[in-house]
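Enquirer: Each chain, letter by letter, is given below.
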Amino acid sequence: MNNNYWDTEILEPLRRFVDQAVTFLLHNFLAMLVVLLVGVLVAYTARIVLSLGLRLLGFDRFCEKHGVGNALASAGIALSPTGVAGRVVFWTVMMVFLVLSLAALDIAPMNDLVSRLFVFLPQLLAALVILVLGYVVGVFLQRATLLASVNAGLPRARVLASTVQTLVLLFTVAMALEQVGIGRSIVLATFSVAFGSVGLAAAFAFGYAARDFARSVLERHLTGADREGLGEISHL
Amino acid sequence: MPDDDLNSEALARELDRARRAEIVVGIPSLNSARTIGPVVEAVATGLARHFPAVPCVILNADGGSRDGTPELAQHAAGGPNPLLVARHETRPLYRLAAGYPGFPGRGDALRIVLQAAERLGARACALVDGDVRGITPDWMQRLLDPVIREGMDFVAPLYARHKFDGMITTSLIYPLTRALYGRRVRQAVGGHFGLSGPFARRLLRSGIWHHAGALPALDVWMCTTAIADGLQVGQAHLGAGRRGTRGAPEALSTSFAQAVGTVFGLMEEYRPAWWAVVATADVPTFGPPQAVGLEPVSVNVDRMISTFRQGVEDLAPVWRRALSGETCAALAGLEGDSATDFRFPADLWAQAVYDCAIAYHQRRIPRRHLLRAMIPLYLGRAAAFVLHTASSDAAAVEAEIEAVCRVFEAMKPHLLDRWDARRP
Chain A
1 MNNNYWDTEI
11 LEPLRRFVDQ
21 AVTFLLHNFL
31 AMLVVLLVGV
41 LVAYTARIVL
51 SLGLRLLGFD
61 RFCEKHGVGN
71 ALASAGIALS
81 PTGVAGRVVF
91 WTVMMVFLVL
101 SLAALDIAPM
111 NDLVSRLFVF
121 LPQLLAALVI
131 LVLGYVVGVF
141 LQRATLLASV
151 NAGLPRARVL
161 ASTVQTLVLL
171 FTVAMALEQV
181 GIGRSIVLAT
191 FSVAFGSVGL
201 AAAFAFGYAA
211 RDFARSVLER
221 HLTGADREGL
231 GEISHL
Chain B
1001 MPDDDLNSEA
1011 LARELDRARR
1021 AEIVVGIPSL
1031 NSARTIGPVV
1041 EAVATGLARH
1051 FPAVPCVILN
1061 ADGGSRDGTP
1071 ELAQHAAGGP
1081 NPLLVARHET
1091 RPLYRLAAGY
1101 PGFPGRGDAL
1111 RIVLQAAERL
1121 GARACALVDG
1131 DVRGITPDWM
1141 QRLLDPVIRE
1151 GMDFVAPLYA
1161 RHKFDGMITT
1171 SLIYPLTRAL
1181 YGRRVRQAVG
1191 GHFGLSGPFA
1201 RRLLRSGIWH
1211 HAGALPALDV
1221 WMCTTAIADG
1231 LQVGQAHLGA
1241 GRRGTRGAPE
1251 ALSTSFAQAV
1261 GTVFGLMEEY
1271 RPAWWAVVAT
1281 ADVPTFGPPQ
1291 AVGLEPVSVN
1301 VDRMISTFRQ
1311 GVEDLAPVWR
1321 RALSGETCAA
1331 LAGLEGDSAT
1341 DFRFPADLWA
1351 QAVYDCAIAY
1361 HQRRIPRRHL
1371 LRAMIPLYLG
1381 RAAAFVLHTA
1391 SSDAAAVEAE
1401 IEAVCRVFEA
1411 MKPHLLDRWD
1421 ARRP
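Respectively, the protein sequence lines represent chains A and B.
Taking our numbering, I'd label the letters of the first sequence as residues 1 to 236.
Taking our numbering, I'd label the letters of the second sequence as residues 1001 to 1424.
Here chain A stands alone, though its shape is the one from the complex (with noise of 0.2 angstroms):
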């Protein structure tokens, strides 16, 4: 009895779990490691193929006429457009592979995380494309409020030209939990807040404390004498 014990309690379900461990490592493991070994194959296959296509149509030349070059630039990414789009198509070859290769594994909960992460990436894509070009709106537009408050002679023009930044940034990261529906009510109940506060804020600190202020720039501008506030001479 004692022998029939050991094998049917305990000697067997361990065989059982053996062979499926086995199995699993012989099947599924291996189909996964075969699916991410195919995916990274195939991702720089793909990126080798778009950067040989895109430099010979002169993608480069077309997106430095047309100023991608700088948007890249002003974003500090050091890379040129054709790498840039190499890199993009590779990690997204890449993340769709990586969910292949989960799927392969063929295991019950697995697979049902599979088809909702099917069904989440494009929200996943668009929520990534639209913090990138914030990032790269958020640098250009702070350049430009650098730029503009250093020659109209503002004061604390590094920190007016970050809190631009900071705030195109905010705002693109709120836009990005919409797009992947985190937090929906919360993020627009906490940004129409902050914008709120902020405009108001900015109106009673301009109405109160720069109103002569105000005044001299709007006389400057609407008679036009002394603009810049540099004397009566023409400089062209």
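By construction, these hints were calculated from the structure, which means they are not laboratory data.
Keep in mind it's a predicted model, so treat the numbers as computed, not measured.
Hints are supplied without guarantee of correctness; some may be wrong.
[As the list claims (entries may be wrong)] Here are a few chain B residues that face chain A, going by a calculated C-beta distance under 7 angstroms:
no. : residue
1   : 1204
2   : 1208
3   : 1209
4   : 1299
5   : 1369
6   : 1372
7   : 1375
8   : 1401
[As the list claims (entries may be wrong)] Okay, the calculated bits of chain B under chain A, using three or more residues with CB under 8 angstroms as the criterion:
no. : segment
9   : 1161 to 1168
10  : 1253 to 1263
11  : 1349 to 1355
Even glycine gets a Cβ: it sits at the ideal position worked out from N, Cα and C.
Put chain B on the given structure of chain A with help from the hints.
Expert: Just chain B now, kept in the frame of chain A:
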């Protein structure tokens, strides 16, 4: 912009009636009721006095005035030469844009005048703004005689200005274009000019009319094109006349960006024309010279220096992308000087300008940003110039400008060595 702007039936009829003209004088205008009369009178008198036997046409290219400018122009016209009116619409954004001197939509007006000159087979053409101050009938002789009798293709104006006026021209555009192209045209940003019929046709065939963006600074563009094409370029003394500023000084950032951006942009287009130039030469100058203004004027030097210093402090990350490390370090070293003994050496200025031209060419930062990042640099240099020449007479001011030009010429290798270098 349409290919042919002379699409008004009435104007076409008038041009057909005129059939042929040796000289076409264009007068762009926009709400210039207060000044258009004297301008038209001066032009009409000048043509009648200096070119009595030559068929001429005066063309008022009006950008949609609402104060009766074209009617006043027609009323003021007299003498043997007809005045035609070409109306064109100035886009609302252009109307609002303050900045570069001259009229909003001036490019459209220029094109209309060039087209009319081509259709009438004109040998010479001149352009004067409808709100110019100080115009005299002799301007017609000064701008057109060199074209008709001396074979010039482009005649730039040479105004007698105050020593502190036009410092973008005297400290940047003149030294730079002179060092680049080897021709000493003092005021490429002049506003009023004369040009030959063949050159007018050459300009009409240019691609700039088909660009979607804003037109370049037209006077700089025309002058540089004439020099780069190897045409005959001269300059004419016009006295104290000033181009119209519509009652308000031009906005520094806009006018600086447009004028300097045009020079930098043309450097790319005309690289073969300037690359190998090592010597400079005077261009023929017509008319009697007039003295530079020396009377005291209000210049806010402290504000200029403070903007420069703020630039050193706040724009360092932007300048580091555009300028060489050596230039940035030298600029930072200027910061500590007090307002009274502030100095901005000419060689450092020339180096900074060349660095910016290279950065523009290599698109190290957005071009619009680059041009605006140059303004504190320019104000620093302008302040140093004002302080240095505060008590100088006309000859000393001229000597100072000449010295700056020679520094630009001597430092041209700095530009050549780095122009094609890879982006850092």
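Enquirer: If a hint holds in the structure, say so; if it doesn't, say that too.
Expert: Now for the hints, and whether the structure bears them out:
1. 1204: Not OK, violated: residue 1204(B) not within 7 angstroms of chain A, min 25 angstroms.
2. 1208: violated (16 angstroms)
3. 1209: violated (19 angstroms)
4. 1299: With Cβ-Cβ at 4 angstroms, under 7 angstroms, it holds.
5. 1369: holds (5 angstroms)
6. 1372: Holds: closest Cβ of chain A sits about 4 angstroms from residue 1372(B), inside 7 angstroms.
7. 1375: holds (5 angstroms)
8. 1401: violated (15 angstroms)
9. 1161 to 1168: holds (count 6)
10. 1253 to 1263: holds (count 4)
11. 1349 to 1355: Violated, because only 0 residues of the segment 1349 to 1355 of chain B bring their Cβ atoms closer than 8 angstroms to Cβ atoms of chain A.
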